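S.K.: Chain B with the ligand: place on chain A using the hints.
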Amino acid sequence: MTTFTRGFRGRRRGEDDRLPPGQYLTEDFPVLSAGPTPHVPLDRWEFTIDTEAGQVHRWTWQELTALPYEEPAVDIHCVTSWSKLGTSWRGVSLDVLFEDVETTADYALVHSYGGYTTNLPLDDLLDGKAWIAYRYEGEELAASHGGPARLLVPHLYFWKSAKWVRGIRLLTEDWPGFWETAGYHNYGDPWREQRYADD
Amino acid sequence: MQADHLDGNALAGPLAEIFTADVSAAVSRCASCGLTGPVASLRVYDRAPGLVARCPGCEEVVLRLVRSPDAAWLDLRGAVSLRIPLSGTNPSAVLSDEGGRSGAER
Ligand SMILES: [Zn+2]
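Protein chains in written order, with the UniProt record's numbering: chain A, 1 to 199; chain B, 1 to 106.
None of these hints come from the bench; they were simulated from the model.
Just so you know, these numbers come straight off a predicted model, no measurement behind them.
Every residue, glycine too, gets a C-beta built ideally from N, C-alpha and C.
Please note: incorrect hints may appear among the correct ones.
Stated by the list, open to error - In silico negatives: residues of chain B with every beta carbon more than 12 Å from chain A:
| no. | residue |
| --- | --- |
| 1 | A12 |
| 2 | A16 |
| 3 | E17 |
| 4 | F19 |
| 5 | V23 |
| 6 | V27 |
| 7 | R29 |
| 8 | G34 |
| 9 | L35 |
| 10 | G37 |
| 11 | A79 |
| 12 | R83 |
| 13 | L86 |
| 14 | S87 |
Said to hold, decoys possible - Estimated spans, in silico, between C-beta atoms of each pair:
| no. | chain 1 | residue 1 | chain 2 | residue 2 | range |
| --- | --- | --- | --- | --- | --- |
| 15 | B | E60 | A | T172 | 26 to 34 Å |
| 16 | A | V56 | B | E60 | 21 to 29 Å |
| 17 | B | T20 | A | F29 | 37 to 45 Å |
Stated by the list, open to error - So the derived list for chain B, only partly shown, Cβ under 7 Å to chain A, looks like this:
| no. | residue |
| --- | --- |
| 18 | R64 |
| 19 | V66 |
| 20 | S68 |
| 21 | W73 |
| 22 | D75 |
If we strip away everything but chain A, and leave its shape as in the complex, we get (with noise of 0.2 Å):
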């Protein structure tokens, strides 16, 4: 073995520790969309929490953008295969979301604009596990990555992470999104490499 090739396995071997099963890496972000992309202008765009007592929490862009923020740096782990490692983001975390929150909920469906719909544990979404993302890498979220804003949840295939998130709804009882009524895992670990409904 030459020496440029242990070099090179091991700063290979730091980056696989952050590669769960079956994963490989890409530099770059492939777009993946289950239907049109939606415009919504940013004067009509809101985000809203809906409780399972019929409370509605509500933010327009200038209320959402007005939070204070973070800038999670993550890895993220899409179900066909890739991760990205480091990707930048500014979002709200949403802890600050379900500050005024009461919830005895114990489930969180995410809908988006066009009709996305994905499915999580609440407590999946708290404890600085999750955001709402609306900058990346610097710059304005692109439509085509979700923008003006999606859900950031990196800790869970990539799925789980809505685009044009619009609102989250709070269940006593779970209720399986878009891909987890087709055959995708309900919960989408990817450590244990729950892709399928099977896994």
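M.R.: Here is chain B with the ligand on its own, set in the frame of chain A:
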């Protein structure tokens, strides 16, 4: 701008694994708006974890197909019906069916 979808002929191959008939030659009725037309005219979004075929009239989902290593998941909730032409024993029907297939990848 590059189109973000394909036409319904893209379904012919993946569905041939499930159906013996060529489903891209079938006529579907959209459960959302009632538009009736050939499956080949649906808009197929394939840059996704599965195939999503949408109605050209209302953009609602008509058909979804996910292929896992050991199963196919087919969702036809968005289609009221599929009219699948079958040639039976009529030689003229077989001939016209050949013409319908020429556009599909086989
Ligand atoms: Zn329709």
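S.K.: Are the hints correct? Go through all of them and say.
M.R.: How the hints compare with the structure:
1. A12: Its Cβ never comes within 12 Å of chain A, the nearest being 20 Å, so this holds.
2. A16: holds, 19 Å
3. E17: holds, 14 Å
4. F19: holds, 18 Å
5. V23: The claim holds: V23(B) sits with its nearest Cβ about 17 Å from chain A, beyond 12 Å.
6. V27: About 22 Å separates V27(B) from the closest Cβ of chain A, which puts it past 12 Å; holds.
7. R29: Label holds. Min Cβ-Cβ 20 Å, cutoff 12 Å.
8. G34: Non-interface label stands for G34(B): nearest chain A Cβ at 18 Å, farther than 12 Å.
9. L35: holds, 16 Å
10. G37: Check passes; 18 Å lies beyond 12 Å.
11. A79: holds, 14 Å
12. R83: holds, 24 Å
13. L86: Holds, since 27 Å exceeds 12 Å.
14. S87: Non-interface label on S87(B) holds, nearest chain A Cβ at 31 Å vs cutoff 12 Å.
15. E60(B) with T172(A): 26 to 34 Å: With a Cβ separation near 28 Å, E60(B) and T172(A) satisfy 26 to 34 Å, so the hint holds.
16. V56(A) with E60(B): 21 to 29 Å: holds, 25 Å
17. T20(B) with F29(A): 37 to 45 Å: Holds: the Cβ-Cβ distance is about 40 Å, inside 37 to 45 Å.
18. R64: holds, 5 Å
19. V66: holds, 4 Å
20. S68: holds, 4 Å
21. W73: holds, 3 Å
22. D75: Because about 5 Å separates D75(B) from the closest Cβ in chain A, which is inside the 7 Å limit, the hint holds.
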